[in-house]
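Student: Read off the chains here:
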Amino acid sequence: KQEVTQIPAALSVPEGENLVLNCSFTDSAIYNLQWFRQDPGKGLTSLLLIQSSQREQTSGRLNASLDKSSGRSTLYIAASQPGDSATYLCGKGGGSEKLVFGKGTKLTVNP
Amino acid sequence: GAGVSQSPSNKVTEKGKDVELRCDPISGHTALYWYRQSLGQGLEFLIYFQGNSAPDKSGLPSDRFSAERTGGSVSTLTIQRTQQEDSAVYLCASSLDGRAGNEQFFGPGTRLTVL
Chain A
6 KQEVTQIPAA
16 LSVPEGENLV
26 LNCSFTDSAI
36 YNLQWFRQDP
46 GKGLTSLLLI
56 QSSQREQTSG
66 RLNASLDKSS
76 GRSTLYIAAS
86 QPGDSATYLC
96 GKGGGSEKLV
106 FGKGTKLTVN
116 P
Chain B
5 GAGVSQSPSN
15 KVTEKGKDVE
25 LRCDPISGHT
35 ALYWYRQSLG
45 QGLEFLIYFQ
55 GNSAPDKSGL
65 PSDRFSAERT
75 GGSVSTLTIQ
85 RTQQEDSAVY
95 LCASSLDGRA
105 GNEQFFGPGT
115 RLTVL
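If you're matching them up, the sequences are chains A and B in order.
In our numbering, each residue's number is its place in the first sequence (first place is 1) plus 5.
In our numbering, each residue's number is its place in the second sequence (first place is 1) plus 4.
Please note: incorrect hints may appear among the correct ones.
[Said to hold, decoys possible] Keeping only pairs whose Cα atoms sit at most 25 Å apart, straight-line, the calculated PhoX-like set for lysine-lysine is:
1. A:Lys108 to A:Lys47
2. B:Lys61 to B:Lys21
3. B:Lys21 to A:Lys108
4. A:Lys108 to B:Lys15
5. B:Lys15 to B:Lys61
6. A:Lys47 to A:Lys111
7. B:Lys61 to A:Lys73
No lab work stands behind these hints, which were simulated from the structure alone.
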């Protein structure tokens, strides 16, 4: 059974700090890794998609990396802002069409 | 353009009743997915539709759950004889053509509460 783990489950940082969120997976078969944010009571907003042939993707202050050999992806957020507060989820595409998700990291950025 | 839409946004029902949840994917997207998000379980895959192919129903938790997709567009998830453990947020997503590696776009979800 595929498992996706996100550590830490919760993170609280002061505004302006750079931070890293982690996503690890047990099954090395991977087609893509997608990072999402979820605000309370809302759906998922896609942030970045990394294909298995790629090592990283960048969008603004966000950078996501993928290391297939170690079964890990990281989401780097630079110069964090209170508006970044949300739950961040990673979803792994393993060859079937569905995504397998971690349980998320709840991020709080304090002004 | 419009994103994935879902209705209703909230649904409260009594145990034993049937419910229908609706999903309208992004125009032109041929792949449609249903997921369920419940406390402690995270996001779980339920069912996947791709064009006219037979759906992948491997994630449906019981035979009380069914889904259909009419005309390759709108999808309805039906839960019969609802139980309290069915309470969750039901999320729909779509992607361009369902190939592994395509980006999935999610709707706002339907929060189902079974009393």
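Student: Which hints from the list above does the structure break, by number from lowest to highest?
Tutor: 3, 7
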